[in-house]
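J.: Could you use the hints to bring the two separately framed chains together as a complex?
Same order as they appear, the protein sequences are chains A and B. Anchor point for the first sequence: position 33 equals 33 in the working numbering, and the numbering is continuous, going up by one each time. Quick note, the working numbering runs 88 ahead of the 1-based positions in the second sequence.
Rather than coming from a laboratory, the hints here were simulated on the basis of the structure. Careful: at least some of the hints might be erroneous.
[Stated by the list, open to error] Coverage of chain A stretches by chain B, computed from C-beta distances (three or more under 8 Å per stretch; other residues unrestricted):
hint: 1; region: 37 to 44
hint: 2; region: 63 to 75
[Unchecked claim] Derived BS3-like pairs (lysine-lysine); straight-line CA-CA distance at most 30 Å:
hint: 3; chain 1: B; residue 1: K113; chain 2: A; residue 2: K5
hint: 4; chain 1: B; residue 1: K502; chain 2: A; residue 2: K83
hint: 5; chain 1: A; residue 1: K15; chain 2: B; residue 2: K502
hint: 6; chain 1: B; residue 1: K113; chain 2: B; residue 2: K99
For each residue, glycine too, the CB sits at the ideal point set by N, CA and C.
Letter by letter, the chains look like this.
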Amino acid sequence: MLNIKCPYCGDRSQKEFAYGGDGTITRPKLNQEISDEEWDNFVYLRKSPRGKHIELWHHIAGCRQWFKVERDTATHEIFRTFKPEEEF
Amino acid sequence: MQKYSVFSLIKNAFSNHEKWDLAWKDPTPKKEYDVVIIGGGGHGLATAYYLAKEHQITNVAVIEKGWIGGGNIGRNTTIIRSNFMYDDNARFNEFGMNLWRNMSQELNFNVMFSPRGIINLAHSDAQMNAYARRGNSMRLNGIDAVLLNREEVKKIIPMADFSEDVRYPIFGGLAQPSAGTARHDAVAWGYARQADSMGVDIIQNCEVTGFDIEAGKITGLRTSRGDIKSKKIGLCVAGSTNVLAEKLNMTLPIETHLLQACVSEPVKPVLDGVVTFGAGHFYISQSDKGEMVMGGDLDGYNSYAQKGNLPTIQHVLTGGVALFPFLSRLKMLRTWGGIMDMSMDGSPIIDKTHIDGLYLNCGWCYGGFKSVPSSGWTFAHTIAQDRVHELNEGFSLNRFSKGYLLDEKGLGTKTWIS
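This is chain B alone, in the form it adopts within the complex (with noise of 0.2 Å):
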């Protein structure tokens, strides 16, 4: 594989950029693979290319309906964050904050990582309380939080509305100074490039149309460029997963929402870092184009439709600016939609199934990004030793029944209202 550096940029300068290799290749699919990975997105690609590196399997193959980086990995607001309470969820992610800053090197790949920090707005004296018990349970897990009085606040983001006759008026906030941003699309492109050049088989176009399971074990899986056996399948199709449980005969804790994103016209640097305004249903970054990156609710009912409406995106710019009253002289360049696994408790499901060989990537809702590295790094693990390791144990398929929830935000089952 051709290394990429500035020595390497300056030599294809001079014919043109006509000459780089391909960045990943192009397979017809073989007959039998070790392990088959649905999905790639940034979970499946990472997952593969972390079976490749951790665990020397490289006679995988990775499937994907349309192609790589298409889905939520392009579509999300790129947010690298580990600002958990419960234990399970802070060590994963806090895992997954040390893959992200040597991601750049290790995959060769800039992918732009730029902690820059986030802050969630507290509108309340309960809230800051509560935001104090969680950065306190953030510090124990080795997490940087710090909480933020208003005047503290108002250093960072002068711009907000600091007047007290707001329905929000900020009081405060609690920050994560590591947190940050990252160039989404590298993501997917550095794990598929290393992925493939060390052997892994990126089948786009690919779409799976059912599966051979014989006496509870998969044996392998058909798509729509033939049939491909294997022992060992990993499901990483974020929003398609209820789509291929159906084909398995499987009901999960999972619902399908459609979760929109907009960005304004770039204007000049005026937000460092990213801000959650979560009372009004809002949160705002600046990419390094300057465009103001903007999110806020789901849609509200259940959707494939991977385009939005505009009540949605409507309320979600009411609340930013309610914020940021500068938001209103700035036009809108795009908005979007992806389809999220939302899951009962809104923590996700890394573990093996019921059938054996097959396992289970999903229930990101809308938190997938950041937790690209230690997904693909956990599910590899998951697949390659047959058994979960002890930072996803607690994200078991059956914790729903046992009672052993990780619901973060106390929001229980209405998933379109998380």
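Okay, chain A solo, but in the shape it has when bound (with noise of 0.2 Å):
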């Protein structure tokens, strides 16, 4: 089981957490024009790499504040986890 440290309660188990998926992708400006391969990258296309990630979770049996984690995807070694507004 994964042991994670939310930022803002400290560490907690896997359980209380939701998985929000990359954490690197960043929504297309408002109100600009978008191409179609602008919202392909945004909507569909995932790097998915084997090693270090970082991935969005949800504190959603806790504080429910959103949060990031860097986790190794093939040891599941988690070396740090961060605010969003905190700059990787």
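T.: Next comes the structure, spelled out in structure tokens:
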């Protein structure tokens, strides 16, 4: 089982969290012309690396905050967790 | 090639089964092939077989990082079905059903295909309506679909919990009587043996480390056992698709996730067919050895680990015990995991790519096993003719950007909840 350190609450069991996918995806800016390619990149295309992966998690059975996790997708080692506004 | 039959079995019994021919050779890679298939799983081996059989292309290599049959072809829960609503999925998989029915004879290898039926359980009037719609779509495509009411389901699985005060009372279900199971390892071995006999080189313990691309055309690949030239390369690497895509500077609508399965200790026959309990994130069948074969949700976060975490197994079996209370008395023998190439709409991709001579076969999510013959057949056609067959034209790589999704379950792009 993963042990995830919520940046707001501290170490908790994986069972308290919901996964939110790739944390490096940014939505195209509003009120601008957006090409099909940009939408494709945003909605569908994912690197899904083997190794370090920045991802979103939601402390849904806790403080209900979203945050980011840097985790190894092959070993599940968690390197660090941080608030979404904190720059990578 | 030595033909397998009851006579060869008796003959070899006299020599203590020590004189059987090797089922496939262990060749060293040649410098050049007409086609190289990366991935010696079910899809890769089937592709090589159909390239040789249907298109007479026999100068083919199948490159496998580990050993053949060690990936998802040996890790799945062996379910074969074609109960899809959308035409592209339904036709493709029904084509595969016909290949399954003749597979043991065609490959001269007993794959133990056993059409024992599948039931998807429904727990509300709305779900019954949705199943009626799916069943009608299936029947329009010539697939047998039967909408069962509660009493009819009860006749087939009387040991399920049919009480009315449970969280998900059984309202009925959608059955496909011609669905079934097969011996998954035998499928890999059968295709490998036939492909090998027609001249295909099956090269194990050979990892792909890079690709050679010149002016938008693929010219070869680099492996841990030397460089190999080829003008046509097919990728059949399931959960490792993104790892190779990175070497090709491609980003795909695929995420790699982990799916677990487990089996109980063997018991006497209790469950005839396959039962899926979608509301409880659980499905089950009974193997020929008597083990209850069970699975459910993905672990729920990107993973290449090939082994899972306990909370998911606990969650899956909680659903299982809710449906079949007798399961609580069984011991679990084994759990294991495999890595799934989860596509963004739940349907596969069998297509050409922007690189000339590079072909892509991926996105099988957790339904790759049933599609082994149809995938191999259409992928071989796509490679040999350099154009997609009408059976796989819906499985295009650009359907995402074009908006022609095949989202069978309507779940959207959160691959980890599908």
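J.: Hints first: check each against the structure and report whether it holds.
T.: Hints, one by one, checked against the model:
Judged by the Cβ-Cβ criterion of 8 Å, the region 37 to 44 of chain A is covered by chain B as claimed, because 6 of its residues qualify and three suffice. Evaluation of the coverage hint for the region 63 to 75 of chain A: fulfilled, as 4 residues show C-beta separations to chain B shorter than 8 Å, against a requirement of three. Distance check on the hinted pair: B:K113 and A:K5 sit about 51 Å apart at the alpha-carbon level, beyond 30 Å; violated. Between B:K502 and A:K83 the CA atoms are separated by roughly 22 Å; this keeps the pair inside 30 Å, and the hint holds.
Between the alpha carbons of A:K15 and B:K502 the distance comes to roughly 19 Å, so the proposed pair stays at or under 30 Å and holds. Under the criterion of a C-alpha separation no larger than 30 Å, the hint pairing B:K113 with B:K99 is consistent with the structure, at around 22 Å.
The structure does not agree with numbered hint 3 stated previously, though it agrees with all others.
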